[in-house]
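Trainee: Following the hints, put chain A in place on chain U, whose structure we already have.
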Amino acid sequence: MLTLETIDLNGIQSFYALSNRLNLNNVIPNKVTFWKLRNNNPLRKSYVTNNIKLNEFDALIRITVEMSKYLYPYIREILKSKEDIKANSVIWNDFNKRFIELIKERFNIDSLRVKKILNQAENEEIIIKSLLILSFCISNQGYQKLKNFLYDF
Amino acid sequence: MMQNKLSFHQSSTSLEIIGLPDYSNNENKDQISIISQWKLTIIDKPLIEGKIEHLGPIMNAFYIYSNLLIKNKMPIYESKLIDIKADNLYIHNIVLKSSKPNVKPLVLKIGNSLLSDTINCFDQLNDSPNVRIRKTDVSNYIPKKGRFGLNKKVKFFNFFIPPFIAICSLILFSSSFIYFYSPFENIEIKKRLNPE
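First to last, the protein sequences are chains U and A. Per our numbering: the first sequence ends with 153, consecutive numbering throughout. Per our numbering: the second sequence ends with 196, consecutive numbering throughout.
One chain only, chain U, in its complex shape (with noise of 0.2 Å):
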């Protein structure tokens, strides 16, 4: 999701407004909901164990495949910059440096994870692969393919 969020800079509100389309109103009700469901990543400042229920990962699930479905030019795009770094630098190198500022801003930067994530030199792979992940999983079949590869992580 925080790969979609530094795609789409009004990421919180596109969420939001997904989850009301996909009618999942009764999982999230509102964005401090969505906020407590995210900060179950053990890798956030706020970390909390709230115990995410099966329904709230699957309503997750449905918005981020949702928003890849609209983001997959965007996504395809900084795909393709990293194939040919010399003439599209411009793109990759705006992604990561968002990606990096986002993730200093909510991520626990003390953690050992999180340091690999922060290295530049080490952040290509990490990266292409949540973007290959999203690219993956926009069909109708994308929550199913999604879910198993969140479950083989």
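The hints are simulated quantities; they were obtained by calculation from the structure and are not laboratory data. Treat the hints with caution; some may be incorrect.
[To be verified] As a list, the in silico BS3-like pairs of lysine-lysine whose alpha-carbon atoms are at most 30 Å apart:
#	chain 1	residue 1	chain 2	residue 2
1	A	K109	U	K86
2	A	K71	U	K116
3	U	K116	A	K85
4	U	K147	U	K97
5	U	K129	A	K45
Mentor: Just chain A now, kept in the frame of chain U:
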């Protein structure tokens, strides 16, 4: 007889399926169940086409490779018909081997963007209600390594946690009834019974 043609597009890639409906099965005239030809067009790359028996293995190859790509740094997929290998994290080398003798294999280099376009074209084909092909269950494919890991973890917990909890609760419960022998207390009782 006019053949039906269906196209699936995703950015720089398009997949064309040509075939006929199965009238013996009372199918709609727009349906394609008997595929006679397919073409995969990737912009700036040679055209890929083949028989119906080649479509399934090629789709499977792409699906399996995409899963391996997420898991491994340098994934390799090899088969009689197609080899896919990662040159690096961004470029993938595809070798398509012809079933006809004396035909040189077709070598393509595609980036991550074209790979995801191709996968999405195959997904659209799988989702399409107008084409009946043997649906690949690869989209739900979890690499063996991962599946094994997941089961192993679950099995480990299922096997060890219940007896561990049982033993701990037994120790806790029985510790409340523990009796420590105290020799002084025993002497006192004896003295009370025999005051001499």
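Trainee: Which numbered hints are broken by the structure, listed smallest first?
Mentor: The structure breaks none of the hints.
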